[in-house]
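Number of protein chains: 2
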Amino acid sequence: MIEWFDDLALGMRFKTADKLVTREDIKRFASEFDPQPYHIDETAAERTPLKGLAASGWHTAAIAMRLIVDARPLGPHPLLGAGVDDLRWFAPVRPGDVIHLEGEVIELTPSKTKPQGIARIKWTAFNQHGDPVYTVTPIGLVPRRPSG
Amino acid sequence: MIEWFDDLALGMRFKTADKLVTREDIKRFASEFDPQPYHIDETAAERTPLKGLAASGWHTAAIAMRLIVDARPLGPHPLLGAGVDDLRWFAPVRPGDVIHLEGEVIELTPSKTKPQGIARIKWTAFNQHGDPVYTVTPIGLVPRRPSG
Numbered sequence: 001m002i003e004w005f006d007d008l009a010l011g012m013r014f015k016t017a018d019k020l021v022t023r024e025d026i027k028r029f030a031s032e033f034d035p036q037p038y039h040i041d042e043t044a045a046e047r048t049p050l051k052g053l054a055a056s057g058w059h060t061a062a063i064a065m066r067l068i069v070d071a072r073p074l075g076p077h078p079l080l081g082a083g084v085d086d087l088r089w090f091a092p093v094r095p096g097d098v099i100h101l102e103g104e105v106i107e108l109t110p111s112k113t114k115p116q117g118i119a120r121i122k123w124t125a126f127n128q129h130g131d132p133v134y135t136v137t138p139i140g141l142v143p144r145r146p147s148g
Numbered sequence: 001m002i003e004w005f006d007d008l009a010l011g012m013r014f015k016t017a018d019k020l021v022t023r024e025d026i027k028r029f030a031s032e033f034d035p036q037p038y039h040i041d042e043t044a045a046e047r048t049p050l051k052g053l054a055a056s057g058w059h060t061a062a063i064a065m066r067l068i069v070d071a072r073p074l075g076p077h078p079l080l081g082a083g084v085d086d087l088r089w090f091a092p093v094r095p096g097d098v099i100h101l102e103g104e105v106i107e108l109t110p111s112k113t114k115p116q117g118i119a120r121i122k123w124t125a126f127n128q129h130g131d132p133v134y135t136v137t138p139i140g141l142v143p144r145r146p147s148g
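As they're listed, the protein sequences go chains A and B. Going left to right, the first sequence walks through residues 1 to 148 as the numbering used here numbers them. Going left to right, the second sequence walks through residues 1 to 148 as the numbering used here numbers them.
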């Protein structure tokens, strides 16, 4: 089982479960955090560059976090990040879309001073058509296996 | 009033309103999107590197989006982004914290092919003590002023 920084290897891959994104989910999140026409009003959304209702990008990011947490890529350890790089939204997430993520370990840097390392897993979210809709590469802080 | 890409200038600054982040907000968001001990369980959170309950970083990001949307930095135009760079969480956001953001235009790149430009506004969120807790630099797509 993958549990510690020492258990990770470059090229290692992960896959999350699926998540259905509903119209109600999209409007509820957006009403609280991103109340713009793309995300709360079908008619107004038709006249925007997104050409129809779509999830807030921050909603997609939050759904991705939940799927990654549930996939437990580090076994029993919770995930802790200092930030993320290369966050991009490639395509709208529509009502009824089913999203999952796939991840690949692209960089592993042990700390020189602390019993931990920085693991970079590049995650990409795909919809049910196989189209990439979102990517993010967190700066993950992962403890090293205790010695002895 | 700032409305079009052409109205923006390097160094221009923005400031949002304040937002109180409650214990209930933190637990509700985390229960749906980031159910880890840092964000849902005071006792367990004490034993983590965050040393107490703190908002999910994605919750902070979503609150920041709402504050920026409400600040209407582009007047009547909705905000549209292809992604963000340099997203970092500097310090925990605690129950009872009051957050606001300040933004500065750091890069303006007109499109050579479309009537729009890419505006990069570096946003930083501060708590009520003046400590920076979060920063993000969206890749904002902003329409140019129609000619004629």
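Calculated directly from the structure, the hints in this document are not laboratory data. One thing to keep in mind: the hints can contain errors.
If chains are identical, the list can't say which one is meant, so a pair holds when it fits in one copy or spans any two.
Here are the simulated DSSO-like pairs of lysine-lysine, each with C-alpha atoms no more than 30 angstroms apart in a straight line [stated by the list, open to error]:
id, residue 1, residue 2
1, K112, K51
2, K51, K114
3, K114, K19
4, K51, K122
5, K112, K19
6, K112, K27
Here's how the hints hold up against the structure:
Proximity of K112 and K51 under a CA criterion of 30 angstroms is satisfied inter-copy only: 23 angstroms between copies versus 50 angstroms inside one chain copy. Proximity of K51 to K114 under the C-alpha cut-off of 30 angstroms is restricted to the inter-copy arrangement: shortest distance 18 angstroms between copies versus 49 angstroms within a copy. Neither within a single protomer nor between protomers do K114 and K19 lie at most 30 angstroms apart by alpha-carbon distance, with minima of 36 angstroms and 35 angstroms respectively. With identical chains, the CA atoms of K51 and K122 are at most 30 angstroms apart both within one copy (29 angstroms) and between copies (28 angstroms).
Proximity of K112 and K19 under a CA criterion of 30 angstroms is satisfied in neither setting, with 39 angstroms inside one chain copy and 38 angstroms between copies. In this homomeric assembly, K112 and K27 never come within 30 angstroms of each other (Cα to Cα): the closest approach is 46 angstroms inside a single copy and 35 angstroms across copies.
Hint check: violations occur at hints 3, 5, 6; the rest are consistent with the structure.
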